[in-house]
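According to my numbering, the sequence shown holds residues 3 to 86 in order.
What the hints contain is simulated information worked out from the structure, not anything from laboratory work. Hints should not be assumed to be uniformly reliable.
Listed next, with one range per pair, are the computed distances between beta-carbon atoms [unchecked claim]:
{"hint": "1", "residue 1": "15", "residue 2": "54", "range": "15 to 25 Å"}
{"hint": "2", "residue 1": "52", "residue 2": "83", "range": "33 to 43 Å"}
{"hint": "3", "residue 1": "7", "residue 2": "62", "range": "30 to 40 Å"}
{"hint": "4", "residue 1": "63", "residue 2": "5", "range": "39 to 49 Å"}
{"hint": "5", "residue 1": "83", "residue 2": "48", "range": "37 to 47 Å"}
With a Cα cut of at most 30 Å, we get these calculated DSBU-like pairs of lysine-lysine [what the hints assert, rightly or not]:
{"hint": "6", "residue 1": "8", "residue 2": "79"}
{"hint": "7", "residue 1": "84", "residue 2": "8"}
{"hint": "8", "residue 1": "31", "residue 2": "84"}
{"hint": "9", "residue 1": "76", "residue 2": "8"}
{"hint": "10", "residue 1": "31", "residue 2": "78"}
The beta carbon of each residue, even a glycine, is placed where N, CA and C say it ideally should be.
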Amino acid sequence: MKNFDKGTVVRTVLLFSALINQALIMFGKPVLPISEDQVNTLTETLYLAFSMVFTLVTTLVAWFKNNYVTVEGKPKKKRCNKKD
């Protein structure tokens with residue numbers, strides 16, 4: 003973990019959280035313990051929509067940012083950050 007910058011770690015943790023949340027929703031195991039009786043259709047739809055938007059945004063941010071986590075990426079990061 004010492005070799006990764008904070009932004010990479012945060013983006014990766016958020017991405018995995020979003021993907022786990024989506025997988026749980028797909029299998030009918032919502033993260034929030036809300037029974038069918040407590041939730042009306044609008045609230046459930048908003049929860050699912052928010053979960054999908056959260057997953058999409060974190061995926062796009064993680065994909066867009068240059069996360070130099072590979073062996074080839076670390077020298078590229080050094081070259082990019084090098085001041086001439």
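Restraint status (C-alpha distance of residue 31 to residue 84 at most 30 Å): violated (47 Å)
Is it true that residue 7 and residue 62 lie within 30 to 40 Å of each other by Cβ? violated (19 Å)
Within 30 Å, alpha carbon to alpha carbon, are residue 8 and residue 79? holds (14 Å)
Assess, step by step, whether the Cα of residue 84 is no farther than 30 Å from the Cα of residue 8, and give holds or violated. Judged against 30 Å, a Cα distance of about 19 Å means the pair holds.
How does the Cβ-Cβ distance of residue 83 and residue 48 compare with 37 to 47 Å: does it lie in that range? holds (42 Å)
Taking 30 Å as the top limit, are the C-alpha atoms of residue 76 and residue 8 close enough? holds (15 Å)
Pairwise beta carbon distance, residue 15 to residue 54, judged against the given window 15 to 25 Å: At roughly 19 Å between Cβ atoms, residue 54 and residue 15 fall inside 15 to 25 Å, so the hint holds.
Indicate whether the distance between the beta carbons of residue 63 and residue 5 respects the range 39 to 49 Å. violated (21 Å)
CA of residue 31 to CA of residue 78, is that 30 Å or under? Violated. Residue 31 to residue 78 sits at ~41 Å, over the 30 Å cutoff.
Is the distance from the Cβ of residue 52 to the Cβ of residue 83 consistent with 33 to 43 Å? For residue 52 and residue 83 the Cβ distance comes to about 36 Å; the hint holds.
In the structure shown, a violation is registered for the earlier hints numbered 3, 4, 8, 10, in ascending order.
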